[in-house]
Amino acid sequence: MKDTEIIMTYLKSTIIACLLVLFWGMSAEAQITQKAKIGKFAITNATVHTVTNGVIENGTVLIRGEKIVEVGSDVNIPAEYEQIDASGKYVYPGFFDAGTQLGLQEIGAVAVTNDQAELGDFNPHVRAFTAINPSSVNIPVTRVNGVTHVISMPVSGRLAGKATLIDLYGYSPDSMAVSPNAGLHLNWPTSKKGGWWDDRSDEEVAKEYKEDLKKLNDFISRAQFYDKMMTDFENNPNNKQQPDMDEKMQAMREVVKGEIPVIISVDAKNDILDVIEWTENYPDMQFVLAGVRDGWRVADEIAEAGLPCLVSTLYTPERDYDNYQRPYQNPGKLHAAGVKVAIATGGVENVRNAPYHAGFAASYGLGKKEALKAITINAAEIFGVSDKLGSIEEGKQANLFIADGDPFEPMNHITDVFIRGNKIPMVSRHIQLYQQYLDRGAKTN
Amino acid sequence: MKKLFLLILTFCFSLTGFAQEKGSVLIKDGTLITIANGNMSNTDLLIEDGLITEIGEDISAPRGVETVDASGKYVMPGIIDAHSHIAGVDINEWTNPVTAEVSMEESINPNDINIYWALAGGVTSIHLMHGSANVIGGQNETLKLRYGSGMNEMRFEGAPRTIKFALGENPTRVHGQGFDVQPRTRMGVEQVIRDHFDASIDYQRNRQEYLDAKQAYEDGTRSTPPVPVAKNERLEVLVDILEGEVLVHTHSYRADEITMLMRVFNDYGIEDYTFQHANEAFKVAPELKKNGAYTSVFADWWAYKFEVYYSTAYNASILNANGVKNSINSDSGELIRHLNHEASKAVHYGNTSKQDALKMITINPAAQLGIDEKVGTLEVGKHGDVAIWDGHPLSIYSKTLKTYVDGKKYFDRAEDADDMRLKVDAEQDFEEASGRWYNENGRHSETCLRGAEIRFSKNGMKLQGN
Amino acid sequence: MKKTARLIVFCFAFLMVCSLQGWSQSSPAEAFKNVTIHTSDGNSIEGGTIVWRNGVITDVDKNVDIPFDAYVRDGGDSLHVYPGFIDGHALWGSPDIDEDIETPGEPGNPGYGRAGIQPERKPSELLQADSKALSEAPKEGFTTAALGLKGQMLPGQVDLFFINGKKTEDLLLEQGVGVTAQFEEAQGQAYPSTTMGIMSQLRQLFNDTKALQQQEQYFASVSSNYPAPKQNKVLQALYPVMDKQQPFYFVVDTEENIERIFQLQDELGFEVVIVSGKEAYKKAEELKQREIPVLASIDLPEEPKWRSEEEDEDQPEITEEIRIFRDKQEAAYKADIQNIAKLIDSGVKVGFASNGLELSEINKNLMTLKEDGDLEDEEILQMLTQSTADILGYSNQLGNIDEGRIASFTVFTKPFMEEKAQALYSITDGNLTEFEQESSEE
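Chains as they are written, first to last, in the numbering used here: chain A, 18 to 462; chain B, 8 to 473; chain C, 195 to 636.
No wet-lab data here; the hints were simulated from the structure.
It is possible that some hints are incorrect.
[As the list claims (entries may be wrong)] Cut-off 30 Å, straight-line C-alpha distance, at most; resulting in silico cross-link-like pairs (DSS-like, lysine-lysine):
#1 209(A) / 316(C)
#2 238(B) / 316(C)
#3 385(A) / 209(A)
#4 499(C) / 430(B)
#5 221(B) / 424(C)
#6 522(C) / 416(B)
#7 424(C) / 210(A)
#8 350(A) / 424(C)
#9 499(C) / 209(A)
#10 385(A) / 80(B)
#11 430(B) / 209(A)
Can you build the whole structure from these sequences, using the hints too?
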């Protein structure tokens, strides 16, 4: 690099830094305690991607309290609304990552900060909602990239526990939860050998798979029985001895009644086919597939079974002989077959990359429009919250963001984020460190 | 008929013989991202016999040279990944805190499907690194992704030797916590390095004295024979580092350990070095700049362990703004598939210019590997390592169309097929082979510390650490 | 069973006599007559006679004057005599690897033994003579084997034995025909744990060996004022390899590992014999140029199941993806089983090594080599006999049935490549063992 270039780079960065400081209007230290603002906001002159009602050019979005109160191109803006001029900018519904462990894990390698894996095989009664840490440093890092709400779920054992749907803003799990119990996470017992460490013979693998399935089926039929028994008792307790309380069985009741879905993590083709057949045994229950990396191989079967899929794109192909594009194409191929797909990164600290998972899906067959749905409204529908989330519509919860361009493009930026009507300070550890160290100014030694 | 089949087979399996064949191609009317001289629209690029021989307008193809139309397309230098573990057999000789004697040159797996997948992301060269279990790990090897060629043909001829150092949690966890062998702390890490440099200086003197005495004895100018000092494979490499023949690439995260190593290197006169990962390099950017140190970082990885908790995805932008030569690497079989996308995050986090972001995956890593005279830009005289993209490479919607190494095409999206494996296990049927080689063989995965994390015990696999 | 027991008693007595009076001119001769005698070049003598005395074949032909003192067995024109097969690197009788190991205090400095560096170990001292393989091998036609040891990178020396059940331990032909080497990491948590670590370790061993040898020479050359070299059995065992008096018997399969051996050979300058070499055909030209022989494994892959399955047998649909996969798999299968044929065609010397392969697999796999492996009967025979003898340095003494050769051969009920061929007699170094014939109904 030539000297003049270095000076220019330095000047540019200094200017940017000054602008940033001006923009936030206070020192980095002060921002740690900066509060979100809630009230009345009017986002004006924006290109509004409503997702459910097309794109509104030169549009306005009114936010009052926690809700979106009006959306359109010809909106009367009452005087008391704080106006945010979004000329040349775009408004999108907040992005929804439908499968994470955000809030449950802080630092992967530090065991005491890991709350996503409880001991035991059948834990329908453990709840992610209980252990969400609202102060997780990962949360602000995620939301400033436009991801405003996520499914966070336990991961270990056969029935890992209840997933929760949370907004990425709040001071307690209660204040964050959209659906405290959003689903029950099931790790499908794979019929495929683990890896090199798995020294079981093919026969042993098959036998264990059968046994695992039997345990699962037994557990569910016990739960069905328990639910029926309890319902009978609740309907008419007269002359009946009160059954003992069973927390696990109690937790299964909303599942066997189909009130919340079972989220089944499954990847291998044969396992997916088994899952499809298995779900037919439980017509009253709801099911969602997650992972589904071989999904493109059996997309028609999944579509026919009407099972929605939570998918990502940024992983290496499942099999050495797979075409290099398969992970990127999987959402597109599933969608083309008629499967409803939603983006789920499976991540923690980098859930902020959810838009890029969608971007790759868009680029490799899903298309931008469907990719946008996959990261907004589809997941809201799958988890039964499309009346609250997933689009920019009157009456919905104000989870949305303003971007200076297509948010799937990393070269663009998110400038404002609203979560449940709260205008979120655009602050995170990453931004604070940037502000502090871009032009550090201390002596070198 | 049988013979014919044999002949075909022999041909199929002896790609080695053709491997280093260099190619010629004329790429016409593309937008050239030269890196060296900005972007040039509607410009032709001629590669002859592996080298870029002409850049300009209206170049006509020499006889027999294929012409590729790149109008509306972008042509950029092949991406260089300064930190990779694909194409390796073993990654970590994790049994000793210092293993300078081992070399990834001897751990190349040319049949790794990840090589093809990386080519499909426009990557042409990688720095195949030893793992990070040891304070002074093994030597690394710079490769060109000549997929289909033999182990030795994969090597980037003329690339300088490099070696892996590692600071912080990995070596202290593996050796200190795992084996009760120093170092268990960052204090110990420093002393392991100093002790070994000192030992290598002593060794060099003693060995030379022995060789001189031996010569003198044989010449008759010395009456008593000397006591032999055996050549020491490990200390020889450390001597080479002190003599500046080996570039040091150090796995590091925290600012304190980065400044520690710069102090040590200043004491021993070591000059050419790169900090790998360096999640906290942003804190000491002025010091790095002052020492002429390079950095090679993740675009956004953090929080997977304690020493990367205090991180920022703005690291690359801060380093760049402070004049530190920085690259963005993958350290992963996944990220290497879209390093262009990783580079674009430097624009997202901190508004690094597009040109500078592209330098972080081309000329900057080339400089860090000492191959910037040969690759990393589109300039006459450089190697014909280029990729053609259907849009601007920093856009998430852009795809690699063709990838050339030495002017020879190794990836073509139009001709891409299923199952690009080079090596097949005859005994595995379709479903049996439905895993990944790494999982099946368990020697390592595409990332840094797997070889050290997973330990065998009599009772099977044991995860070290968490 | 009774018969075998009697035979063993007889043989034992005979052996004692031999060992006491082995040099005596008067020890009786033995002979087979009316047998088909196959020589290693693929020729055969029908209705032939073979006579041996004192462990040496004295006469082979169609019409032979059988000495008056020869004990003759009549083959009745139905038996087939083959030169004794030679195994170029077998692990028969080797102690098993001790799996019960501890992590050394310093994993990076485990000591030679723990690291698997044991070139001083000798099969002749460690042989487990009662191992089943040693009594079964003669029934498969083997009369001679270079025995190696199980272990890691340098598990020990290779000793050449005549094979004859428990008696093998007294039938050592040559100690130290080579030193086994392999890219086998130290057990558990110890250096070297990688292929590259093994490469470095081998280099360092050569450096240290060279230094020790130098010091010994210096010490011997002066009368005073020089420190005595420290004895080191491990390094001393490598002197013959370093001095090219013994080759490494390098167990290796992949193309890349063979290239790694070339690299080491160029640097360290040892002689080498490749053992196993499943992908050696990929390096055939260079092997030939370097004059490196291959003691080939016949541990062949199983034929892909689908090749023999019926088309419509409730199979999943053959998608395009599966078809492409199978084409590759089939090509790999064929390449694997044609390894030996391609090596021979390229002019590489190919012998045979079981190197841990189960004896029961050998016959089946030889059949596969004949059917799909592009090898003729006589090529297989040559590999099992004369070629292996050549590689072991016994071209004129072992490997064929000829006057003056050591009397090691096997008498089969049928040509050995035919189904249900059984060995009736094994003659090792002139000593005859008779086997009970298994009933054909079994």
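Okay, the hints, checked on the actual structure:
1. 209(A) / 316(C): Not satisfied, since the Cα-Cα distance of roughly 44 Å exceeds 30 Å.
2. 238(B) / 316(C): 28 Å, holds
3. 385(A) / 209(A): 35 Å, violated
4. 499(C) / 430(B): Measuring from Cα to Cα gives roughly 19 Å; hence the hint holds.
5. 221(B) / 424(C): Roughly 20 Å separates the two Cα atoms, so the pair holds.
6. 522(C) / 416(B): 22 Å, holds
7. 424(C) / 210(A): Not OK: residue 424(C) and residue 210(A) at ~52 Å, beyond 30 Å, violated.
8. 350(A) / 424(C): 71 Å, violated
9. 499(C) / 209(A): It holds: about 19 Å lies between the C-alpha atoms, which stays within 30 Å.
10. 385(A) / 80(B): Given pair residue 385(A), residue 80(B) holds - Cα atoms ~21 Å apart, limit 30 Å.
11. 430(B) / 209(A): 22 Å, holds
Of the numbered hints stated above, those contradicted by the structure are hints 1, 3, 7 and 8, listed in ascending order.
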